[in-house]
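Below are the chains, spelled out letter by letter.
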Amino acid sequence: MASFMLEAWTALAPSLNQKEDWSTWLTEPSEISEQPLNVSLKHVPMMLRRRFNVLGKCAMGAISQLAIEEPNIPCIFASQHGDTTLTLSLLESIGRQEDMSPTGFSLAVHNAVSGLYSIATKNTSEITAIAAMEGTIASAIFESVGQLQCAEKVLCVIYDTPLPSVYQPYTQGNEFPYAIAMVLSRTNGEEISLSYQSPESQTVNVDTSSENELHQFLAFLLGRSNTYTCQSNGSSWTLEKTTQHVS
Amino acid sequence: MTALQNELKLMIIECLDLEDIDATEIDDADPLFVDGLGLDSIDALEIGLALQKRYGIKLDSNSDETRAHFASINALADLVKNHKSI
Chain S
1 MASFMLEAWT ALAPSLNQKE DWSTWLTEPS EISEQPLNVS LKHVPMMLRR RFNVLGKCAM
61 GAISQLAIEE PNIPCIFASQ HGDTTLTLSL LESIGRQEDM SPTGFSLAVH NAVSGLYSIA
121 TKNTSEITAI AAMEGTIASA IFESVGQLQC AEKVLCVIYD TPLPSVYQPY TQGNEFPYAI
181 AMVLSRTNGE EISLSYQSPE SQTVNVDTSS ENELHQFLAF LLGRSNTYTC QSNGSSWTLE
241 KTTQHVS
Chain P
1 MTALQNELKL MIIECLDLED IDATEIDDAD PLFVDGLGLD SIDALEIGLA LQKRYGIKLD
61 SNSDETRAHF ASINALADLV KNHKSI
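Sequence lines, in order, name chains S and P.
Under the numbering used here, the letters of the first sequence match residues 1 to 247, in that order.
Under the numbering used here, the letters of the second sequence match residues 1 to 86, in that order.
I should point out that these hints are in silico values taken from the structure, not numbers from a laboratory.
Note that beta-carbon positions come from the ideal geometry of N, C-alpha and C, so glycine has one too.
Be aware that a few hints might be false.
Unchecked claim - Computed footprint of chain P on chain S; a stretch qualifies when at least three of its residues, placed anywhere within it, have a C-beta under 8 Å from a C-beta of chain P: (1) 44-51; (2) 98-104.
To be verified - Just a sample of chain S residues kept apart from chain P, beta carbon distances all over 12 Å, derived: (3) L66; (4) E143; (5) Q149; (6) T171; (7) S235.
As the list claims (entries may be wrong) - A partial selection of chain P residues facing chain S, derived with a Cβ cut-off under 7 Å: (8) D17; (9) D20; (10) V34; (11) I42; (12) E46; (13) A50.
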């Protein structure tokens, strides 16, 4: 078992800009896929801003609500699918035997959003980009806890956009773009433990869809439940709040 | 500003997602990269691709000559004019 402190967190999706919005939405889920994303990147110079698409805007929007003061905070960026819409458009251009857009190619890599973030904020610290299947949130937390062994604080960002329709029959993705940004600390915030149960010992069956992971994790962040559990490759990861403090 | 210069500006604005910039804001003689318009190396590759698609111009990405062609809108216009007249 390992533990860490959750110093601050924010979550962002179209029409869900604050914790209260998420709280309402968890109680009464409403259709949000068609709503516009309310993110302004005016603080990012225009020549850099043009490189942010929906996925990047979502991540940047959530991070900027945190008002991080440390310019060189180590970062963990986790996304299940990355910019699949952009990757698909590149594949389609290959299919048409056209030359690929160099800008599109450079922005389709999995660490593109974290790269843009580091340029925009002049952050020269280490940055990890994670792609995981089920258990994306747990993988991001696990990596963050690992990096807290040699950093006082880390920024952990979990973000995804809906998959293009051509992929939807093959996997469960999210129905709307979202980003969760958290500052994890060694010493400051709400104490949380992370524990692991190997495949032999676990008996519960947890819904592993990413939509459900997001719901459960937000309920945990909002203090509606004291634990968050997710399954990955048969084993399970559990987060548990060890103090009574509610954010 | 000639029609060709304007055409090149519109091409650059479109292929580089410079939606906040108007063609009239780009000076024909100003540097396109770093100090002037502020384009970067990925933009250079993107412009190279656009020149190839639109005018059939193929450039060597590492030559000093290419660097000179990309200096300004005027230099790009000369490149396109010379290519058309060959």
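**Request:** Would you list, in rising numerical order, the hints stated earlier that this structure does not obey?
**Result:** 10 and 13
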